[in-house]
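Peer 1: Here is how the chains run, residue by residue.
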Amino acid sequence: MIEWAVITENLPEYAAGLWLTLQLTVLSLVAGLLLAVPLAVLRTAGPLVVSRMVWAYSYFFRGTPMLVQLLLVYYGLGQFEWVQARWAEGNGFWLIFREPYGCALVTFALNTCAYTTEIIAGALRATPHGEIEAAQACGMSRLTVIRRILVPGALRRAIPAYSNEAIFMLHGTAIASTITLVDLTGAARNAYSQHFAPFEAFIFAGLIYMCVTFALVGLFRLAERRWLGHLQPRKAGSVKA
Amino acid sequence: MLHGYSSSLLDGAWLTLQVAVLSLVLALVLGLAGASAKLSRSRVLRAPAVLYTTVVRGIPDLVMMLLVFYGGQIGINQITDRLGWDYVDINPFAAGVATLGFIFGAYFTETFRGAFLAVPAGQLEAGYAYGMSRWQVFRRILFPQMLRHALPGLGNNWQVMQKSTALVSIIGLSDLTWLADQAGRSTHQPFLFYAVVCAFYLAMTAASGVLFRSLERRYSVGVRRAAA
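Read top to bottom, the protein sequences are chains A and B. Position one of the first sequence corresponds to residue 1 (the numbering used here), numbered consecutively onward. Position one of the second sequence corresponds to residue 1001 (the numbering used here), numbered consecutively onward.
Chain A on its own, in the form it takes in the complex (with noise of 0.2 Å):
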């Protein structure tokens, strides 16, 4: 009844296919991330005006759907005379917005870094008082306060909210394949096209996109016990011993 052979013909596909989505997944929430960091301080911390302006970037992306946002990019800004002229003369960085990699790369970047720069922002603000107090009892400086107190508590904070962003990037990405990238959906499109045969085709690269669901869940449990060890519930072993 399963038409092995969609999937065995395929699988060199799949497997560069799968290797395209790490790629995106990864370096956007990376790029994400870093970018968050100072924009959620911004965000909190900053003048009214920047907060203000912050604050209209990360509506601005997480109000409008991401497949939107990758198309307005991709498709909306050869639309620009200037943009073309830019191409011409061969610009490094706007050759970026002419390849469906580079587009997608800079979308789903942006798009993350407007939840994460959130999510690190809610757990700013939910610094303790007498964490700030104390530094600056300490007489450390408002730089320093930032460097030393506010950003590792947050960043430890944001870790149970900021996986399940994770695996919403990873999921994400799948809609690279409509911009003619071939990640791991793009790969099963291709191989249902080929051989008609849907179950096959999307029913595998499901599975795998679940492993590496699951992969990530397990890193970022991995992390919160690292990080995040003193808040873990108490086993109930532990309180006999």
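Keep in mind that the hints were calculated from the coordinates and are not lab data. For each residue, glycine too, the CB sits at the ideal point set by N, CA and C. Hints are supplied without guarantee of correctness; some may be wrong.
Stated by the list, open to error - A few chain B residues facing chain A, derived, Cβ under 7 Å: (1) 1067; (2) 1071; (3) 1163; (4) 1166; (5) 1186; (6) 1190.
Claimed, not checked - Derived list of chain A stretches under chain B, where covered just means 3 residues or more per stretch with a C-beta under 8 Å from a C-beta of chain B: (7) 37 to 47; (8) 183 to 195; (9) 205 to 211.
Stated by the list, open to error - FRET-style restraints, in silico, Cβ to Cβ: (10) A:221 - B:1123: 25 to 35 Å; (11) B:1172 - A:125: 38 to 48 Å; (12) A:132 - B:1135: 48 to 58 Å; (13) A:91 - B:1218: 48 to 58 Å; (14) A:49 - B:1213: 23 to 33 Å; (15) B:1202 - A:4: 44 to 54 Å; (16) B:1128 - A:50: 48 to 58 Å; (17) B:1218 - A:88: 56 to 66 Å; (18) B:1186 - A:129: 43 to 53 Å; (19) B:1213 - A:138: 25 to 35 Å; (20) B:1209 - A:140: 31 to 41 Å.
Could you slot chain B onto chain A? The hints should help.
Peer 2: Same frame as chain A, but now just chain B:
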């Protein structure tokens, strides 16, 4: 305005809204059923519910939608062949609503499960002690309080869900995103039309944000907020 595409875009926006609301209804029903199954004492009910939430939350919504759309077509073909009926085309609208409802039903299951557990058991016992039937306890005590705990989670899921409706354009439903794509191609102004789509989704998510905040206020009447 918009090179004569405004009425077509309005049709698309209406369709997008229909997809969103209908799949929300389906997801709420599936979520309540899933949560009841997950909390039930019977293993026969619990096992499929656990499988449902685990599988759905492990697979991207786009892959699920392609599977339902293309797989559903083949499944229907086999049934109609066997019954000797004519060829039936699977409707992308039905496929889109069914998939979105099915996917978000799994997220709602988790939200409702947590909310049901958050209602203190003593209140239910008190209800039974007054001689209320199971249904009365559910309707008068469990459900209204469960809703209070569920609302923030429901609001978040609904925000994610609205944005997922854009995916139905990939399976060929002429929703707002699909129509904007067509308009952008024929006028060579894709940026303009995608920007309109963004504005529509921003308006929709902002309006739901306001709605959910007022609902949360309504359902937490009588709850004291911890002073910050």
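Peer 1: Does each hint fit the structure? Answer for all of them.
Peer 2: Now the hints, each set against the structure:
The interface hint given for residue 1067 of chain B is met, as the beta carbon of that residue sits about 4 Å from the closest beta carbon of chain A, less than 7 Å. Taking 7 Å as the C-beta cut-off, the interface hint given for residue 1071 of chain B holds, the closest approach to chain A being about 4 Å. Checking residue 1163 of chain B against chain A: minimum C-beta separation of about 4 Å stays under 7 Å; hint holds. This hint holds: residue 1166 of chain B has a C-beta 4 Å from the nearest C-beta of chain A, less than the 7 Å allowed.
Residue-level restraint check for residue 1186 of chain B is violated (minimum Cβ-Cβ distance to chain A is 13 Å; threshold 7 Å). Using the Cβ-Cβ criterion of 7 Å, the hint placing residue 1190 of chain B at the interface with chain A is satisfied: the shortest such distance is roughly 4 Å. Coverage of a stretch by a chain is defined here by at least three residues with a beta carbon nearer than 8 Å to that chain's beta carbons; for the segment 37 to 47 of chain A and chain B the count is 0, and the condition is violated. With 4 residues having a Cβ less than 8 Å from any Cβ of chain B, the segment 183 to 195 of chain A passes the three-residue criterion, so the hint holds.
Interface restraint, the segment 205 to 211 of chain A with chain B: holds (4 residues with C-beta to C-beta distance below 8 Å; minimum three). Between residue 221 of chain A and residue 1123 of chain B the CB atoms are about 34 Å apart, so this pair conforms to the stated range of 25 to 35 Å. Between residue 1172 of chain B and residue 125 of chain A the beta carbon distance is about 44 Å. The supplied range of 38 to 48 Å therefore holds. Distance hint for residue 132 of chain A and residue 1135 of chain B: a CB-CB separation of about 52 Å, consistent with the stated range 48 to 58 Å.
A hinted range of 48 to 58 Å for the beta carbons of residue 91 of chain A and residue 1218 of chain B is consistent with their spacing of about 54 Å. Taken as a hint, the range 23 to 33 Å holds for the pair residue 49 of chain A and residue 1213 of chain B, whose Cβ atoms sit roughly 25 Å apart. Range check, residue 1202 of chain B to residue 4 of chain A: Cβ separation about 46 Å, and the 44 to 54 Å hint holds. As the Cβ distance of residue 1128 of chain B to residue 50 of chain A is approximately 57 Å, the hint placing it in 48 to 58 Å holds.
The hint said 56 to 66 Å for the Cβ distance between residue 1218 of chain B and residue 88 of chain A, and at roughly 58 Å that hint holds. About 58 Å separates the C-beta atoms of residue 1186 of chain B and residue 129 of chain A, a value inconsistent with the hinted range of 43 to 53 Å. Under the hint 25 to 35 Å, the C-beta atoms of residue 1213 of chain B and residue 138 of chain A, about 40 Å apart, miss the expected range. The hinted range of 31 to 41 Å is satisfied by residue 1209 of chain B and residue 140 of chain A, whose Cβ atoms lie roughly 37 Å apart.
Hint compliance for this structure: hints 5, 7, 18, 19 are not met, and every other hint is.
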